[in-house]
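**Student:** Working from the sequences, and respecting the hints, build out all of it.
Protein chains: 2
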Amino acid sequence: MKRTHTCGELTLKNIDQDVILQGWVTKVRKMGAMNFIDLRDRYGITQLVIDESISLENVKSEYVLEVHGKVIERKSKNLELLTGEIEIKVANLILINKSELTPFEIKDGIESQEDTRLTYRYLDLRRPEMQNNLLVRSKMNHVIRNFFIEDNFIEIETPIFGKSTPEGARDFLVPSRLNAGKFYALPQSPQLYKQLFMISGLDRYFQIVKCFRDEDLRIDRQPEFTQLDMEMSFADAQDVMNTIEALIKKVIFEIKGIEIKESIQKITWKESMEKYGNDKPDLRFGFEIQTLNEIFKETQVPLFSNLEDKSIRAICVDSLLSKKELEDLTEVAKQNSVNILAFAKYDLNEWSGSVGSKLSDNEKESIIKTFNIQKESTVLFIVEEYYKATQAMGSIRNRIAKVLNLLDPEVMKLAWIVDFPLFEFSEEENRYVAAHHPFTMPADQSLENFDTNKQEALAKAYDIVLNGFEIGGGSQRITDSTIQQRMFDAVGLTKEQIETNFGWFINSYKYGAPYHAGCALGLDRICMLLTGSENIREVIAFPKNSSGIDPMTNAPDTVTTQQLDELNIKLK
Amino acid sequence: MKRTHTCGELTLKNIDQDVILQGWVTKVRKMGAMNFIDLRDRYGITQLVIDESISLENVKSEYVLEVHGKVIERKSKNLELLTGEIEIKVANLILINKSELTPFEIKDGIESQEDTRLTYRYLDLRRPEMQNNLLVRSKMNHVIRNFFIEDNFIEIETPIFGKSTPEGARDFLVPSRLNAGKFYALPQSPQLYKQLFMISGLDRYFQIVKCFRDEDLRIDRQPEFTQLDMEMSFADAQDVMNTIEALIKKVIFEIKGIEIKESIQKITWKESMEKYGNDKPDLRFGFEIQTLNEIFKETQVPLFSNLEDKSIRAICVDSLLSKKELEDLTEVAKQNSVNILAFAKYDLNEWSGSVGSKLSDNEKESIIKTFNIQKESTVLFIVEEYYKATQAMGSIRNRIAKVLNLLDPEVMKLAWIVDFPLFEFSEEENRYVAAHHPFTMPADQSLENFDTNKQEALAKAYDIVLNGFEIGGGSQRITDSTIQQRMFDAVGLTKEQIETNFGWFINSYKYGAPYHAGCALGLDRICMLLTGSENIREVIAFPKNSSGIDPMTNAPDTVTTQQLDELNIKLK
Numbered sequence: 007m008k009r010t011h012t013c014g015e016l017t018l019k020n021i022d023q024d025v026i027l028q029g030w031v032t033k034v035r036k037m038g039a040m041n042f043i044d045l046r047d048r049y050g051i052t053q054l055v056i057d058e059s060i061s062l063e064n065v066k067s068e069y070v071l072e073v074h075g076k077v078i079e080r081k082s083k084n085l086e087l088l089t090g091e092i093e094i095k096v097a098n099l100i101l102i103n104k105s106e107l108t109p110f111e112i113k114d115g116i117e118s119q120e121d122t123r124l125t126y127r128y129l130d131l132r133r134p135e136m137q138n139n140l141l142v143r144s145k146m147n148h149v150i151r152n153f154f155i156e157d158n159f160i161e162i163e164t165p166i167f168g169k170s171t172p173e174g175a176r177d178f179l180v181p182s183r184l185n186a187g188k189f190y191a192l193p194q195s196p197q198l199y200k201q202l203f204m205i206s207g208l209d210r211y212f213q214i215v216k217c218f219r220d221e222d223l224r225i226d227r228q229p230e231f232t233q234l235d236m237e238m239s240f241a242d243a244q245d246v247m248n249t250i251e252a253l254i255k256k257v258i259f260e261i262k263g264i265e266i267k268e269s270i271q272k273i274t275w276k277e278s279m280e281k282y283g284n285d286k287p288d289l290r291f292g293f294e295i296q297t298l299n300e301i302f303k304e305t306q307v308p309l310f311s312n313l314e315d316k317s318i319r320a321i322c323v324d325s326l327l328s329k330k331e332l333e334d335l336t337e338v339a340k341q342n343s344v345n346i347l348a349f350a351k352y353d354l355n356e357w358s359g360s361v362g363s364k365l366s367d368n369e370k371e372s373i374i375k376t377f378n379i380q381k382e383s384t385v386l387f388i389v390e391e392y393y394k395a396t397q398a399m400g401s402i403r404n405r406i407a408k409v410l411n412l413l414d415p416e417v418m419k420l421a422w423i424v425d426f427p428l429f430e431f432s433e434e435e436n437r438y439v440a441a442h443h444p445f446t447m448p449a450d451q452s453l454e455n456f457d458t459n460k461q462e463a464l465a466k467a468y469d470i471v472l473n474g475f476e477i478g479g480g481s482q483r484i485t486d487s488t489i490q491q492r493m494f495d496a497v498g499l500t501k502e503q504i505e506t507n508f509g510w511f512i513n514s515y516k517y518g519a520p521y522h523a524g525c526a527l528g529l530d531r532i533c534m535l536l537t538g539s540e541n542i543r544e545v546i547a548f549p550k551n552s553s554g555i556d557p558m559t560n561a562p563d564t565v566t567t568q569q570l571d572e573l574n575i576k577l578k
Numbered sequence: 007m008k009r010t011h012t013c014g015e016l017t018l019k020n021i022d023q024d025v026i027l028q029g030w031v032t033k034v035r036k037m038g039a040m041n042f043i044d045l046r047d048r049y050g051i052t053q054l055v056i057d058e059s060i061s062l063e064n065v066k067s068e069y070v071l072e073v074h075g076k077v078i079e080r081k082s083k084n085l086e087l088l089t090g091e092i093e094i095k096v097a098n099l100i101l102i103n104k105s106e107l108t109p110f111e112i113k114d115g116i117e118s119q120e121d122t123r124l125t126y127r128y129l130d131l132r133r134p135e136m137q138n139n140l141l142v143r144s145k146m147n148h149v150i151r152n153f154f155i156e157d158n159f160i161e162i163e164t165p166i167f168g169k170s171t172p173e174g175a176r177d178f179l180v181p182s183r184l185n186a187g188k189f190y191a192l193p194q195s196p197q198l199y200k201q202l203f204m205i206s207g208l209d210r211y212f213q214i215v216k217c218f219r220d221e222d223l224r225i226d227r228q229p230e231f232t233q234l235d236m237e238m239s240f241a242d243a244q245d246v247m248n249t250i251e252a253l254i255k256k257v258i259f260e261i262k263g264i265e266i267k268e269s270i271q272k273i274t275w276k277e278s279m280e281k282y283g284n285d286k287p288d289l290r291f292g293f294e295i296q297t298l299n300e301i302f303k304e305t306q307v308p309l310f311s312n313l314e315d316k317s318i319r320a321i322c323v324d325s326l327l328s329k330k331e332l333e334d335l336t337e338v339a340k341q342n343s344v345n346i347l348a349f350a351k352y353d354l355n356e357w358s359g360s361v362g363s364k365l366s367d368n369e370k371e372s373i374i375k376t377f378n379i380q381k382e383s384t385v386l387f388i389v390e391e392y393y394k395a396t397q398a399m400g401s402i403r404n405r406i407a408k409v410l411n412l413l414d415p416e417v418m419k420l421a422w423i424v425d426f427p428l429f430e431f432s433e434e435e436n437r438y439v440a441a442h443h444p445f446t447m448p449a450d451q452s453l454e455n456f457d458t459n460k461q462e463a464l465a466k467a468y469d470i471v472l473n474g475f476e477i478g479g480g481s482q483r484i485t486d487s488t489i490q491q492r493m494f495d496a497v498g499l500t501k502e503q504i505e506t507n508f509g510w511f512i513n514s515y516k517y518g519a520p521y522h523a524g525c526a527l528g529l530d531r532i533c534m535l536l537t538g539s540e541n542i543r544e545v546i547a548f549p550k551n552s553s554g555i556d557p558m559t560n561a562p563d564t565v566t567t568q569q570l571d572e573l574n575i576k577l578k
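Chains as they are written, first to last, in our numbering: chain A, 7 to 578; chain B, 7 to 578.
It is possible that some hints are incorrect.
Straight-line Cα separation of at most 27 Å, DSSO-like style, residue types lysine-lysine; simulated pairs [as the list claims (entries may be wrong)]:
#	chain 1	residue 1	chain 2	residue 2
1	A	Lys66	B	Lys516
2	B	Lys262	A	Lys516
3	A	Lys66	A	Lys76
So the derived list for chain B, only partly shown, Cβ under 8 Å to chain A, looks like this [stated by the list, open to error]:
#	residue
4	Trp30
5	Thr108
6	Phe110
7	Leu208
8	Thr232
9	Ala241
10	Thr564
11	Val565
Here are a few chain A residues that sit away from chain B, every Cβ distance over 10 Å (derived from the structure) [said to hold, decoys possible]:
#	residue
12	Ser61
13	Leu131
14	Asp353
15	Leu535
16	Gly538
17	Lys578
In short, the hints are calculated from the structure, not lab data.
The structure displayed is predicted, hence computed values, not measured ones.
Don't be surprised by glycine CBs; every beta carbon is placed ideally from N, CA and C.
**Tutor:** Okay, structure coming up:
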């Protein structure tokens, strides 16, 4: 390499050395007879000092330079930079390439429209904060792979060209030219393949792999996403959870320097819903949801009377919320189809608010006791059917934390959610479908009657949650053909559907399968959390926008009739 | 984990320990009152000894067992196995799962039809040689990634959903549901993205990535394949070749234990064609091709008279080839559109063969001198237009090595091929197209006139060759908008085509690009060579067969009309 050093490594130790640096012009400053340039590359910034014998007429921001010079000590040191104690006295300056004026400044914290940033993504990625995001991602991947390789896992690639199956989300399809009228499907996950690896006796598999789901795009969803996929033989759910727990702690330690010593707490799905209103609780803050029906059994408060099947779900915030804040929270309730968000404020003397003024002394006392109120507080109430009230309160709980600025990205709070329902009822299809996927082992206590009591059946499934995001999940798999058949029956797959779509898969379990379990982690999301980014697009080099479009290349785009002809398809 | 050890680790050091093993039954043998079982997992085989108190009625090959027992010393030791000095005296035997009779035996070197193996791939992958192939692949990937991470490269993922471009091979397309009538294209390589990373200043990029080409399938081609992709800024072709050379040597050392100390030799494209008849010479054997026109300038041999523009291309094999071998080689000549393969045999006394008997003494002497003949030999001759004769002789050269059993998979012979032509003439399109891709920098000596003298223009491109296979290649890239425009003009892309397909890409080079170069390696092929496999399917977990079909899942397959409707397409 022609350069002797990067722009991020020269210090006082290098004084008097002759060096060659190459990089981008960040800033040009004139001070008296001297010119100063901040030269930038991925590794840092080094200050160049250039006397008037060298013309800078042709040097502007983002030009690419090569400079030859000597390392000298700086007069005014910048101790925030590793290179801040030295500068380069430039003897020779060579212009490698020019730059037009960039559409936005190459610096952190710009306020351009996201589509502009995506159109010029190659310039957006020149900004240090974006480079850091990609560096963190690369390091995360490396830590993950080392972890598994050291633990005897094999990395195995699974096909991108697979077969479309009716369960799960919508598949992306690829028309086959050589097999006219037929289509490959892109994998939603390598689930079936990794289970086959266990039947093959490969014992321990992992892969960092792209997956694909053709779902309607939401703010934080990409048509292609990356997951860490793993599976272990002769392992049960707890073995896998132990492995993933050690992994995620290692990743957090290596990237954030945070050492988590305690075990990750396990919360049952039911308890998570009860306390936090969802199955991905953010544990950076409290505000647990309580049921207050008992307190208001003989109440005079109209809202809490004549409950019938309804629940009074409430949380207590340890501050007096403003009118504006309460309006904001009421809006959240409405987004969750709940019209009334009642509240009571308590300033340690008096109770006020839509409910506060109507409370009996007993009720006041019970509320103080229930929430262990010790300072000025606001109690929020929803009276609705249990799950509706609970889910709405879960959203409100999260919003409160945001409003009160409690979401510190430097705090990492993990939880396992366990004892998931085995099925969920699909209103759309009017049947029970697998909550996780149809290869998930029922819990021991559900093994006998999971197919007759679907409502109550629990699964040997587990999710891992970080700061309110589900970052992964997995399960013990069904390794017994009879149980697998009962499972398919339970989700209403016909014999023909099973044969066509899973026949080959069920068949494989007839040849000696070990018991096995596995897990998958969403790496886009984990990287988002590790970097404190707003959304997953910030940790993806070239993401699609919310319409599934890459504004830089304009993909997807029209193709020629000849291309379609060759694929034996036409537009409708 | 319930098991205390794998089936591959117990030795005399573990004598008297109580252990739990889990694995597959490979063999059951009865010897007197004792039964013996070979229990197998990915890590090895351990012998179980079972007395008659435990019934083996229910134990057959490929059943999955858990055994509890004590490690004891074996009487008849098997020193070829790491575990061959011990056995497990079984106290308790638990049946984990049964197995039906497998469609082929789980052992190395089976002779099943490949489609049967692919249909039951999960059983095929249970065979130790296939497990070894996947283990080598996993290790290779790990060595590669560590190499790059240690050298400051960043691993960055590039999109699978890209844009179709007219240059290069045929794209696989993915219909977009959200953008009706439009299609994503799967990447043939991340070429453009990685060049943009350099413009972003990411400096050093690598990725192990799936790529896709919708070409007609040949015996050794898959619709999806995996490459190591890398690019370096402020680096020229030699810098990249140094990096890749260090990498490939490290991979070979880590996997094969072979240390290659000498530099990899560089051969120009022209010299490679001249000596070996192709641009991926197998250097495990000699048999270099010579041009003998000079020797036969005044010949009486009819075949070598009246040559006009033809060349006499010949190689010398240091043995007397049999009639059958010669017929086989003539067949290879015919496959290369050459009808006559003349030969002369020399047994150190006499010359014989179709040409041998007609040679003059001078000619005999010159041939002996040219080829430095020191033992019984056969000289083969083709008289044809230079490239036709050369290419045919190249194929014959390779076939001879196969026939004479010179292709030792344990020998690793590397070469760089350099000074490639910048263009090649496409008969189909009746124009010059980029030989590599249209972002390849012309060689210094061609910079001035590459677009006017396309025939002679050379490229700053390089291929790396291992044992007669091109395992990778790369180039210095064009980083100057003017040269890029001349290049597009030279391959006849219209302004509109450029704008539609590459406008955004050319535009990116206006914002300060460093000079950069890169390389990509074909990992399927490298792994095939490292494992001594017959073809790349042996090192891919779930490959497609030669019709692009996975006989296990039956992908690609028909999809429902609803799926097509949603994608806004229909079958033609």
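**Student:** Work down the list of hints and note, for each, if the structure agrees.
**Tutor:** Against the structure, the hints:
1. For the given pair, Lys66 of chain A sits about 13 Å from Lys516 of chain B by alpha-carbon distance, which is consistent with the 27 Å threshold.
2. Taking the CA atoms of Lys262 of chain B and Lys516 of chain A, the gap is about 37 Å. The hint is violated against a cut of 27 Å.
3. Taken as a hint, the Lys66 of chain A and Lys76 of chain A pair is honoured in the structure, with Cα atoms around 22 Å apart against an allowance of 27 Å.
4. The interface hint given for Trp30 of chain B holds, since its Cβ lies 6 Å from the closest Cβ of chain A, which is under the 8 Å cut-off.
5. This hint holds: Thr108 of chain B has a C-beta 6 Å from the nearest C-beta of chain A, less than the 8 Å allowed.
6. The restraint placing Phe110 of chain B at the interface with chain A is violated, with a minimum CB-CB distance near 11 Å, outside the 8 Å limit.
7. Checking Leu208 of chain B against chain A: minimum C-beta separation of about 6 Å stays under 8 Å; hint holds.
8. Checking Thr232 of chain B against chain A: minimum C-beta separation of about 6 Å stays under 8 Å; hint holds.
9. Of the supplied interface hints, the one on Ala241 of chain B holds, with its beta-carbon coming within about 6 Å of a beta-carbon of chain A, less than 8 Å.
10. Interface hint at Thr564 of chain B: satisfied, since its Cβ lies 6 Å from the closest Cβ of chain A, which is below the 8 Å cut-off.
11. For the restraint placing Val565 of chain B at the interface with chain A, the shortest Cβ-Cβ distance is roughly 5 Å, inside the 8 Å limit, so the hint holds.
12. No beta-carbon of chain B comes within 10 Å of the beta-carbon of Ser61 of chain A; the shortest separation is about 19 Å.
13. Distance check for Leu131 of chain A against chain B: the nearest CB is about 4 Å away, which does not clear 10 Å, and the non-interface claim fails.
14. A cut-off of 10 Å between C-beta atoms confirms that Asp353 of chain A is not in contact with chain B; the least separation is 52 Å.
15. Annotated as non-interface, Leu535 of chain A keeps its C-beta farther than 10 Å from every C-beta of chain B; the closest such distance is 18 Å.
16. Distance check for Gly538 of chain A against chain B: the nearest CB is about 19 Å away, which clears 10 Å, and the non-interface claim stands.
17. Non-interface status of Lys578 of chain A relative to chain B is broken: a Cβ of that chain comes within 10 Å, the nearest being about 5 Å off.
Checked against the numbered hints above, the structure breaks hints 2, 6, 13, 17 and satisfies the rest.
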